[in-house]
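> Listed here are the chains, written in short residue letters.
Protein chains: 2
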Amino acid sequence: MRDIGTVETRYLDLPGPLPLDCGRVLPRVTVAYETYGTLNAARDNVILVCHALSGDAHAAGVAAASPEEGTREGYPSGLGWWDGMIGPGKAFDTDRWFVVSTNLLGGCRGTTGPSSTDPETGRPYGSRFPVLTVADMVRCERAFLDALGIDRVAAVAGGSLGGMQALEWAMAYPDRVDAIVVIASTHALQPQGVAWNAIARESIMRDPGWQGGDYYGTGRTPDAGMGVARMIGHITYLSAPGLAEKFGRRLQNDGGIRYTFTEPEFAIESYLDHQAAQFVKRFDANTYLVLSRALTYFSVKDLESIKTRTLLIAFSSDWLYPPAGSEEMANNIEGSEYHLIESPYGHDCFLLEEARQTPIVKQFLEG
Amino acid sequence: MRDIGTVETRYLDLPGPLPLDCGRVLPRVTVAYETYGTLNAARDNVILVCHALSGDAHAAGVAAASPEEGTREGYPSGLGWWDGMIGPGKAFDTDRWFVVSTNLLGGCRGTTGPSSTDPETGRPYGSRFPVLTVADMVRCERAFLDALGIDRVAAVAGGSLGGMQALEWAMAYPDRVDAIVVIASTHALQPQGVAWNAIARESIMRDPGWQGGDYYGTGRTPDAGMGVARMIGHITYLSAPGLAEKFGRRLQNDGGIRYTFTEPEFAIESYLDHQAAQFVKRFDANTYLVLSRALTYFSVKDLESIKTRTLLIAFSSDWLYPPAGSEEMANNIEGSEYHLIESPYGHDCFLLEEARQTPIVKQFLEG
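Residue numbers (the numbering used here), protein chains in the order written: chain A, 395 to 761; chain B, 395 to 761.
A few of these clues could be false.
Copies of the same chain are indistinguishable here, so a pair counts whether it falls within one copy or spans any two.
[To be verified] With a cut-off of at most 20 Å between alpha-carbon atoms, the simulated SDA-like pairs for lysine to any residue come out as follows:
| id | residue 1 | residue 2 |
| --- | --- | --- |
| 1 | Lys756 | Thr654 |
| 2 | Lys701 | Thr424 |
| 3 | Lys756 | Asp545 |
| 4 | Lys695 | Gly642 |
| 5 | Lys675 | Leu746 |
| 6 | Lys701 | Gln672 |
| 7 | Lys695 | Asp648 |
Hint data in this document are derived by calculation from the structure and do not stem from the laboratory.
Based on the provided sequences and hints, a complete structural model is requested.
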């Protein structure tokens with residue numbers, strides 16, 4: 395199969411200020427983005443893909459190593475987070491579609507977020523960065539596409555928080571979007587998911603390194619707390635049977651237990667340590683707080699009002715964004731198409747089950 | 395219904411040192427305990443009840459306020475953790491049985507644990523306290539009963555970690571126990587449960603207040619990290635439908651969201667904060683680490699070897715100690731009696747579903 399090859403992330407400054415739901419305005423916004431495929435003359439082959447909590451603009455292809463990033467911490471392969479879905483002949487077929495991916499507003503991978511410089515003070519925003527909503531992110535995406543000269547998108551697609559953005563596009567800009575692809579997502583996070591997000595945020599904010607959000611330049615960061623947040627995330631993204639299959643109760647040390655709790659005894663403990671250590675190298679804690687809060691707020695009260703063509707995909711073992719949420723959307727969004735994929739890998743299925751999503755997405759986009 | 399009334403916790407020093415699985419020996423061990431009912435002349439009406447991770451010796455009745463404890467932080471009502479199950483006419487009927495409850499070895503409510511004085515140094519053990527197993531706890535319970543002059547128990551009963559102790563009694567001292575009652579428990583924690591416990595421990599140990607375990611007397615304690623550990627615990631003890639029913643997505647503030655992540659926005663966030671704040675007042679972080687590690691280690695390889703009369707109860711919505719574990723025990727422990735109770739309250743059912751457990755336990759104990 396042909397590949398996208400090396401991709402460079404680009405940056406665009408929005409031409410004007412961005413108003414937010416909270417009443418504040420961000421005076422200057424930069425958006426980090428990548429594109430795959432070719433924009434046609436009619437400018438009507440655009441698909442916007444939206445990332446989830448821990449993603450970034452690098453959705454597909456191999457990242458060009460930048461001087462600052464070197465081998466790109468946390469992405470050893472350099473492949474984008476949805477590389478299996480975006481490319482020539484893939485679900486989002488770049489032979490036909492011009493696929494655009496941005497880093498979310500509030501992000502830490504090139505788009506304006508809490509670690510960006512506040513033009514009012516000349517210092518990083520930190521605690522002064524506004525609390526965002528999914529609607530704010532989508533408003534930013536639309537302003538970005540406007541700046542690229544793209545009036546209308548053939549589809550907005552994403553998993554998890556990315557799927558929420560797709561839903562929000564259909565609510566906020568129904569005349570600008572032809573179809574939405576909402577994968578492993580929900581119109582309103584279930585209370586248990588609200589709780590997991592709250593606990594992850596608490597873990598970050600209770601780390602003294604957080605310093606009320608103003609840790610930039612202090613030499614201290616809330617890595618310890620964000621590591622725990624990432625561990626919580628990881629377990630909620632996987633499933634109990636998936637963990638049983640992958641790790642079981644396998645010990646880390648062949649010689650048996652060593653009577654310690656400061657060192658990992660079980661393989662799964664070592665795996666969690668490793669995941670946490672990798673994540674804190676590439677992610678900003680305040681961005682975690684902002685995005686986690688936004689996805690918790692998200693709530694579509696009026697699903698019936700969505701008239702955009704809608705594809706819904708859920709996974710049987712996803713207990714963080716359970717199929718029941720997608721079913722409720724399917725029952726209330728007229729003409730929507732819903733697929734439940736049986737798979738044991740939990741919420742992470744949207745990143746892993748490429749082969750099974752591909753024909754569904756392809757057929758929907760051709761329809 | 396008659397009640398047990400006011401109960402005072404008592405303390406007993408074991409007559410000799412206690413050897414441990416890790417190879418170390420605890421030279422002096424004190425056991426905090428309570429008893430309910432009357433020991434008969436034959437001394438054959440004893441039931442030992444064993445608490446779970448966050449419990450203590452105060453299983454039933456109203457705690458006598460001690461000078462140090464005042465109104466007993468964390469137990470506003472003063473009622474024991476299994477008061478609905480222990481008492482005259484209740485599941486563990488104190489008109490017939492002499493019920494004994496101890497604080498576990500490694501505990502922080504009167505039995506020797508990490509916060510106790512190390513006789514070698516004259517200072518609290520802290521990081522010098524040994525890493526324990528469930529077998530160590532049971533060895534301590536047996537030494538304690540020996541010291542009381544009780545050779546044999548009619549039953550050992552408990553939920554969760556308490557159920558593991560009951561299983562261990564049947565493995566280690568089959569000639570000393572007539573029956574075991576194993577509720578919402580398992581012969582080996584599932585990998586997802588191993589992970590949740592690891593994350594909770596990480597949260598405590600990553601709190602700088604933990605100081606490698608030697609925080610006693612420093613004026614700093616890892617309350618922040620243990621609060622997060624407790625929040626994680628709470629969500630794993632409940633069920634997703636239970637949370638949806640109790641909290642839904644109800645906002646904390648009638649006026650809508652306030653665009654904050656430092657303050658609770660959803661009622662469930664406020665509830666978690668409250669639970670964490672209450673817990674850290676009454677619990678020691680090192681005890682949490684020791685007990686959590688012990689229950690993670692616990693693994694019965696040879697269920698078929700258990701010949702003790704066994705009652706198993708599981709709850710349909712308990713995803714931390716799922717019914718599958720109890721079913722596996724039922725299939726491998728000859729003659730065991732297994733009941734699955736349909737209830738939406740998750741792992742906490744063993745503390746809440748008193749009315750439905752009572753006839754099952756009563757009938758089993760009479761058999």
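> Are the hints correct? Go through all of them and say.
Each hint, compared with the structure:
1. Lys756 x Thr654: Answer is neither; intra-copy 51 Å and inter-copy 40 Å both fail.
2. Lys701 x Thr424: neither (31 Å within a copy, 70 Å between copies)
3. Lys756 x Asp545: neither (23 Å within a copy, 72 Å between copies)
4. Lys695 x Gly642: between (41 Å within a copy, 14 Å between copies)
5. Lys675 x Leu746: Neither: 23 Å inside a chain and 43 Å across chains, both beyond 20 Å.
6. Lys701 x Gln672: The answer is neither: 41 Å in one copy and 48 Å across copies each exceed 20 Å.
7. Lys695 x Asp648: between (53 Å within a copy, 17 Å between copies)
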